[in-house]
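Required output: the full structure, derived from the provided sequences and hints.
Residue numbers (numbering that gives the first Met the number 0): 0 to 338.
The set of hints was computed from the structure by calculation and includes no laboratory data.
Source: prediction; values computed, not measured.
Virtual Cβ for every residue (Gly too), placed ideally from N, Cα, C.
Don't take every hint at face value.
[Claimed, not checked] Heads up, simulated DSS-like pairs for lysine-lysine below, C-alpha to C-alpha not over 30 Å straight-line:
#: 1; residue 1: Lys145; residue 2: Lys78
#: 2; residue 1: Lys245; residue 2: Lys205
#: 3; residue 1: Lys145; residue 2: Lys33
[Said to hold, decoys possible] Restraint-style ranges between C-beta atoms, simulated for each label pair:
#: 4; residue 1: Ala188; residue 2: Pro333; range: 40 to 50 Å
#: 5; residue 1: Asp304; residue 2: Ile37; range: 27 to 37 Å
#: 6; residue 1: Lys94; residue 2: Gly149; range: 42 to 52 Å
#: 7; residue 1: Glu242; residue 2: Gly121; range: 39 to 49 Å
#: 8; residue 1: Ala109; residue 2: Pro272; range: 20 to 30 Å
#: 9; residue 1: His36; residue 2: Asp287; range: 44 to 54 Å
#: 10; residue 1: Lys86; residue 2: Glu242; range: 33 to 43 Å
#: 11; residue 1: Pro333; residue 2: His150; range: 18 to 28 Å
#: 12; residue 1: Asp287; residue 2: Gly153; range: 23 to 33 Å
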Amino acid sequence: MNHFANQSFLKEIDFTPSELEYFIDFALHLKQLKQQHIPHHYLQGKNIALLFEKTSTRTRSAFTVAATDLGAHPEFLGKGDIQFGKKESTADTAKVLGSMFDGIEYRGFAQDTVEQLAQYSGVPVWNGLTDQWHPTQMIADFMTLKEHFGHLPGLTLAYVGDGRNNMGNSLLVTAAMLGVNIHIGAPTALQPSATVVAMAQKAAAKSGSKVLVTSDPVEAVAGADAIYTDVWISMGEAVAPQERIKELLPYQVNAKLVAQTEKVDTIVMHCLPAYHDKNTEVGKVLEDEFGVTALEITDEVFNSDQSVVFQEAENRLHSIKAIMAATLGDLFIPEQLFN
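Below, the structure written as structure tokens:
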């Protein structure tokens, strides 16, 4: 009996809070197995398609290593490698891949694409990121919070920056579901949609958490146990950089903003990559054109003792492994756990 057998992982709201907690706790267990070099080949002999429309470092690495650790064979299929979306429809590609692979990971743009892959492939499909949701990142992030604080309910998480991107949406809804107070600090034009806010408020009413959406960054971080930020211009987004920088500079996670929590043990999170210095091609361009040495987070905070960004990055591996093993592996996960 496996409660999650052959289930796709497309967005957070497809699951109950107890199911999300199961993935988090299973990921923590798998991390211990990995650290102790204990084999856990729950997907022995399986074949996994890794379908990427967008470039990736952490998601691609995590799915590849996770599949290998679980005994499966991962096959990377980049945007330029197959006919997906050019000569072949999503439905047709789904049927072909589903006939050859046991599971499919998708990272790209439209949520509808990953939904179609799940509908037509007949195998579990895992959402590695779309423009609307980033559910695999959520298991890693709330795993990191639980690892650091020992619990989730009652914590306060503040997300500042572009609040209506996939990270803002996913953090807002997932926190509310898991009993974590969630504050979104973003300019009015970059706040989550009314639909997503309504989802979070409905979930918060059940979990007992509180939802705050504000344009005041100081109000957003007040009392926060964790401050979270993300890049200000999402991949593929057509926007004037100078206008976006001017709009979001008041929301930069710097030492002054962190101090506004009035807590000494607040941690700082980021899903990466981060523009915190000029040691990248983009960082150099930003400094030359706009006179800034950092965008959404300063180097001082990014590399401080309060930062858990690399622990968070490592946890992508363990959380993705938990999601794949639970939905595709022959595990005993009784229904009674979720009644």
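Hint check:
| no. | hint | verdict |
| --- | --- | --- |
| 1 | Lys145 x Lys78 | violated, 35 Å |
| 2 | Lys245 x Lys205 | violated, 38 Å |
| 3 | Lys145 x Lys33 | holds, 18 Å |
| 4 | Ala188 x Pro333: 40 to 50 Å | holds, 47 Å |
| 5 | Asp304 x Ile37: 27 to 37 Å | holds, 31 Å |
| 6 | Lys94 x Gly149: 42 to 52 Å | holds, 45 Å |
| 7 | Glu242 x Gly121: 39 to 49 Å | holds, 45 Å |
| 8 | Ala109 x Pro272: 20 to 30 Å | holds, 22 Å |
| 9 | His36 x Asp287: 44 to 54 Å | holds, 47 Å |
| 10 | Lys86 x Glu242: 33 to 43 Å | holds, 38 Å |
| 11 | Pro333 x His150: 18 to 28 Å | holds, 24 Å |
| 12 | Asp287 x Gly153: 23 to 33 Å | violated, 45 Å |
Of the numbered hints stated above, those contradicted by the structure are hints 1, 2 and 12, listed in ascending order.
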